[in-house]
Amino acid sequence: MVKENWSTLSGVVHREPRRGISPSGIRHFQFILEHRSQQKEADLNRRVWCWMPVVMSLSATHEMPSYIMVGVWLNVQGFLSCHKNRYDLNRIVLHAKNIELIKSGE
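Everything in the sequence shown is counted per numbering that gives the first Met the number 0, starting at 0 for the first residue and increasing by one.
None of these hints come from the bench; they were simulated from the model. Check each hint, because a few of them may be wrong.
Unchecked claim - Taking lysine-lysine pairs in the DSS-like style, the calculated list, with each CA pair at most 25 Å apart, reads: (1) K83 to K96; (2) K2 to K96; (3) K102 to K2.
Stated by the list, open to error - Between beta-carbon pairs, the in silico distance windows are: (4) K2 to G70: 32 to 38 Å; (5) G19 to L43: 19 to 25 Å; (6) S103 to M0: 38 to 44 Å; (7) M0 to Y66: 34 to 40 Å; (8) L79 to L57: 27 to 33 Å; (9) P64 to M0: 18 to 24 Å; (10) P64 to V1: 30 to 36 Å.
Glycine is no exception: its CB is placed at the ideal position from the N, C-alpha and C atoms.
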């Protein structure tokens, strides 16, 4: 059985990144990536839009990339997982393994 879970999404950082520490002591940061594109579906062009929560866990020797700020264009690669929020609602979250700067917001 194949168990693949790898996604790539490009977009603009929509909210200022937040830093935190998980209950197990792992440092992480999170932000919202806004994606907009046009995709082909059933031989028709379709406008696509979504906000994707992104989380990246950091080892003790790594820091959050300094270029991640509101308005910056990024290409994010990682796996998808489900998180429950404080209201016990599920949402899909992209756990970033690689974040690449496409264009700064300046």
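A quick look at each hint next to the structure:
The suggested pairing of K83 with K96 holds, with an alpha-carbon distance near 21 Å, which does not exceed 25 Å. Restraint check for K2 and K96: satisfied, since their Cα atoms lie roughly 17 Å apart, inside the 25 Å limit. At most 25 Å may separate the alpha-carbon atoms for a hinted pair to count; K102 and K2 exceed this at roughly 33 Å. In this structure, K2 and G70 meet the distance hint of 32 to 38 Å, their C-beta atoms being roughly 36 Å apart.
In this structure, G19 and L43 break the distance hint of 19 to 25 Å, their C-beta atoms being roughly 42 Å apart. Checking the proposed 38 to 44 Å range against S103 and M0 shows it holds: the Cβ atoms sit about 42 Å from each other. A beta carbon spacing of about 39 Å between M0 and Y66 agrees with the range 34 to 40 Å that was offered as a hint. Here the CB-CB span from L79 to L57 is close to 19 Å, at odds with the stated 27 to 33 Å.
At about 35 Å, the CB distance of P64 to M0 disagrees with the hint of 18 to 24 Å. Checking the proposed 30 to 36 Å range against P64 and V1 shows it holds: the Cβ atoms sit about 32 Å from each other.
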